[in-house]
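Please model the entire structure based on the sequences and the hints provided.
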Amino acid sequence: MNKALKNPITYIAFIIPTLLLYALFFCYPVIVSFIYGFFRWDGITEKVFIGFDNFVRLWDDEVFRKALLNNFYFMVFSLIVNIPLVFLISIIISKVRRMRDFYKSAVFVPVVISTATVAILFGVLYNYDSGLINQFIRLVAPESWAREWLSDPKLALLSILIANAWQNVGFFIVLCLAAILNIPKEIVEASKIDGVNGWQETWSITLPLVKPVLFVMLLLSVSGTMKVLDIVQIMTNGGPFQSTEVMATYMLKVGFRSMELGYGSAIGVAMFIIILVLTGILQRLTKSEEVQY
Amino acid sequence: MKKSITSMAVLLVSIMLVASACGGNNNGGNNKPANEGTDATNAPAETKAPEAKDVTLSLRHTQIKETSKTRLKILEDVVAKTQEENKGLTFKLEGIDEIVNRDQKLKAEMAAGNPPDIFEVFGGADLNLYVKAGRMLDLTPIIDELGIKDKFASLDEFTIDGKVYGLPFGGYSEAIFYNKKIFSELGLEIPTTWTQLLEISDKIKAAGYTPFGLAAKDGWVNGMMWNTVMERHVGIDAFSKVVSGEAKWTDENFVKGLTAYAELVNKDLFTKGALGLAYADQGAQLLSGKAAMVFTGTWDANRFSGDEAGDLKGQIGYFAFPSIEGGAGDQTSINASYSNGFGFSANLNEDQIAAVKKFIANFYTEEVQKRTLVEDKLLPSMKLSDLSGVDPLTTEILTVMANASSSWKAYDAIVQPAVGADINVGIQELIGKVSTPEKVAEKIQASQEKANAAQ
Amino acid sequence: MTARMKNSQWWMHSFLFVYVVALLFPLLWLFMSSFKTNRQITENTWSFPTSFNFDNYVAAWSTANIGKYALNSVFVTVTACLLTLLFAAMTSFAISRMKYEKMNKAVYQFILLGLLVPAGALFIPLYRLIQGIELFGHKLYDTHLSLILVYSTYALPITVFIIYAFMLSIPSELEEAGIMDGLGASGLFFRIIVPISVPALVTVFILNFIGNWNEYILSQLFITSESLRTLPTGMATFNDGYRTNFASLSAAVIISIIPVLLVYVFLQRQIIEGMTAGSVKG
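Each protein sequence line maps, in turn, to chains A, B and C. Residues 685 to 977 (our numbering) are what the first sequence spells out, left to right. Residues 196 to 650 (our numbering) are what the second sequence spells out, left to right. Residues 780 to 1061 (our numbering) are what the third sequence spells out, left to right.
It is worth saying that the hints were derived from the structure and are not from the lab. Just so you know, not all the hints are guaranteed correct.
Claimed, not checked - In the EDC-like style, the derived pairs of lysine to aspartate or glutamate whose C-alpha atoms are separated by at most 20 Å in a straight line are:
| id | chain 1 | residue 1 | chain 2 | residue 2 |
| --- | --- | --- | --- | --- |
| 1 | B | Lys638 | B | Asp446 |
| 2 | B | Lys462 | A | Asp836 |
| 3 | A | Lys838 | A | Asp813 |
| 4 | B | Lys578 | B | Asp339 |
| 5 | B | Lys264 | C | Glu1005 |
| 6 | B | Lys508 | C | Glu822 |
As the list claims (entries may be wrong) - Just the calculated beta-carbon pair ranges, DEER-fashion:
| id | chain 1 | residue 1 | chain 2 | residue 2 | range |
| --- | --- | --- | --- | --- | --- |
| 7 | B | Trp415 | A | Phe820 | 29 to 35 Å |
| 8 | A | Arg822 | B | Asn461 | 20 to 26 Å |
| 9 | B | Val438 | A | Leu753 | 51 to 57 Å |
Unchecked claim - Per the computed footprint, the stretches of chain A lying under chain C, defined by three or more beta-carbons under 8 Å from a beta-carbon of chain C, are:
| id | segment |
| --- | --- |
| 10 | 696-709 |
| 11 | 721-727 |
| 12 | 741-749 |
| 13 | 775-786 |
| 14 | 794-805 |
| 15 | 896-906 |
For glycine and all other residues, C-beta sits at the position ideal for the given N, C-alpha and C.
Here you go:
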């Protein structure tokens, strides 16, 4: 019946602009930088084709492994801390009756700050001497509890994760809240008649109904955390002694500072493949669950 | 189904069109032959650009920050003067972020062979590559003709195989800035030996101050003091020897140097939590009166003598790093370098080279250098005969430099970039107390061997 | 209203209040710092300003050329966002509602790849590409158009991803009604789907707006002329790696976030109000 929705001219007209821009400004640079990955190249002088050598080297590169592991910490943190927090805050905001607009705006404010500014703000908060966090700790606990937030290798990554969460959670809350408020009233009211209480309602009705948005958040979290760059670069630049190095910071250091653009590009290719596999798995998982549902 | 195949085909064709179009365009952008300018360089040097001829020179600088307004003004004045003296000559100034330029913009242009006509460039590893690729204009005939070759303090960092490819506009030296108030309050004298340095540091610490303010997030910041401690122990030539393979980082003196640096760390003489602090914080520690000393470069002199110093204004001094008893290096030498400069494109035509000559003649003068020293407190890259009107801190700096027995350039201008990066990691490991001098030496040596093998 | 419900409201408000205070504290500090001098910030980092002195704002405005740069930023950001939105909405509509199953899937997955690539790896080839492109005899390099096209492109994957998810959840009854009324595909898109999708469109518009508004590296790479520069260039003026002018920087940041907050506050009602028209599929 849907002849209207099977109109090849409209179809092509609707997808071509996107694909053109995408192919030119995105695919072309991607392909070029993939090709660099097969060369030994300082970025300026003649390239030397070395086949898979860069990738072989990557396999044994301890720093890369460390960086990959840190990306996984990032991902796990955002999956077990950020997303539940987003969901919790969204649920609560959806349930309050007054000041909803205020909360909705307030939680979003950090999102508008540029990463460079976020890094500076948290640098000041985390300062060992004058930082507010340590000052607060000293107020309520012995001096020895004060921590070197950004320079203790055990804490530095966590400190970045918190700053990153501070900056990013707001957007997800707005997304999630929109989905929750969008649930038709009839469904909720029907469940109330069935005697479902507040938290049961959240668990058995709200959660399943906002699944599409949850999937969006999951996928953005996974891809976002695996390619995270700015916040790490500005807050610690991978330090101290590479304990917070992530793949993207390592890629740029190798490519630009150590002048091994070829190897840097190979790191980029590896990142792409890793993220591709992870998001592929994620898509599979969510699909199989939908079938069960 | 059939329809979707048709649309698929249309899509593929259009993608291919885009891809090929942009490939073509890309080549179109790179059509300047890379060595076009090399011939022009050899052209007779005395050609004078006819007055009426229209010549344009693009000039890329990185003086876009609030703190470099003075430097930009001086450059703009020279440009204005040169334009006025040469009708038909126009400079197009472009200011962009230093890091974006160094890592991406200039690099991409160098690879494509279309750098700006005049640009800021660092001596050392960057310049090496650009020269190797044939992108830099050989300035030797120009400075010979202008007779300014011997007026520079040092052209070392811009000289490759006897040819000069860039001209420094300023320099720096690295030693210790200190808070005179704290020193007089505690009755301390300026230390001249390592032992004395450790003694006064202990006293400073006992009095509740941080002996050495440090912000160690970025490797090069730690590298400064480490570099001088190492030089005192091994001598600067040893750094070149590890590159040529004649010496090893695991040799006795190198390990001694690393151990000495670790001693400073283990006595807790540095700011606590330093590894998480950005460089700007280091100066703040000195100016807030929390730290008694910082080891850094003279580029901070402007800040230390400015308004931010508050009641410490005029109370910040500069002294040379003390000598280390029994070390193999030059004990009164100093790290001083003239690596910030202007480079010129090898693509320039004859008229442009003539214009460049005029620019160089106007920019590299005692007058401009003096003005930069007085207004911007940037150390002159040329020898100055008249040093009147200079503020006290700058005078102290110039005295320290005049008293130095020799000067040398930093390790990261000597070793390969990849080794430099690993040194920075190693120093951070020492500061974080997670490794030993011996282990750090081994790690750096491994990286050195890898880099040497790749050459 | 029962007592228990009132009680729970109270708890939720306290919880949210604590959360919001903790969240906004760093910004409050930034705001306070914008009225202090650098010396005061260095000495007494956390103290309240002694007076409301607008010197920093004046300094930030003039030193960082904020007036001029902000106009450029508004133009580039808004144009790029609208372009992204139009293209992404069209594409999302085509691949979520139109009946070309295999093609839809292929296009969707293809665009999704854009979420996986670290943009930092692409700057050098991208810069060389932009330098090489000519449109109607004019170089693309050093024009606002270069930024608009590239910003639009890099926002496309996430925009398509979110809008697609939303459009997929629109019940087909609405469309069928439209078809009954004799609408074609583009009629359905503009008259029915777009109005319903406003909440999703607004959400991604805001997200992209923020991204473009704060973008620094590409604008440094593509723009040469001083008169075409965008706002982050002005912000960077105060932070040169060697010393940070906190006082002016905080004032500049406050100035730069005001337009974004205004856009958000103005548009945020759309997110929820528009939502009631559509409904989410379980």
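Status of the hints after comparison with the structure:
1. As the CA atoms of lysine 638 of chain B and aspartate 446 of chain B are separated by approximately 13 Å, the hinted pair is consistent with the 20 Å bound.
2. Using a Cα cut-off of 20 Å, the hinted pair lysine 462 of chain B and aspartate 836 of chain A holds, with the two alpha carbons roughly 18 Å apart.
3. With a C-alpha separation of about 19 Å, the suggested pair lysine 838 of chain A and aspartate 813 of chain A falls inside the 20 Å cut-off, and the hint holds.
4. Pair hint lysine 578 of chain B plus aspartate 339 of chain B holds up; C-alpha atoms about 17 Å apart against a cutoff of 20 Å.
5. Restraint check for lysine 264 of chain B and glutamate 1005 of chain C: the C-alpha separation of about 15 Å stays at or below 20 Å, so the hint holds.
6. Proposed proximity of lysine 508 of chain B and glutamate 822 of chain C is supported: the alpha carbons are some 15 Å apart, at most 20 Å.
7. For tryptophan 415 of chain B paired with phenylalanine 820 of chain A, a C-beta distance near 33 Å keeps the hint of 29 to 35 Å intact.
8. Range check, arginine 822 of chain A to asparagine 461 of chain B: Cβ separation about 25 Å, and the 20 to 26 Å hint holds.
9. With their beta carbons about 33 Å apart, valine 438 of chain B and leucine 753 of chain A fall outside the hinted range of 51 to 57 Å.
10. With a cut-off of 8 Å between beta carbons, the segment 696-709 of chain A has 10 residues touching chain C; three or more are needed, and the interface restraint holds.
11. A count of 1 residues in the segment 721-727 of chain A with a Cβ less than 8 Å from any Cβ of chain C is obtained; the coverage claim is therefore unmet, three being the minimum.
12. For the segment 741-749 of chain A, the assignment as covered by chain C is violated, since 0 residues bring a beta-carbon within under 8 Å of that chain's beta-carbons and 3 are needed.
13. Coverage of a stretch by a chain is defined here by at least three residues with a beta carbon nearer than 8 Å to that chain's beta carbons; for the segment 775-786 of chain A and chain C the count is 8, and the condition holds.
14. Counting residues of the segment 794-805 of chain A whose beta carbon lies closer than 8 Å to any beta carbon of chain C gives 10, which reaches the threshold of three, so the coverage claim holds.
15. Counting residues of the segment 896-906 of chain A whose beta carbon lies closer than 8 Å to any beta carbon of chain C gives 6, which reaches the threshold of three, so the coverage claim holds.
The structure fails hints 9, 11, 12 (numbered hints given earlier, in ascending order).
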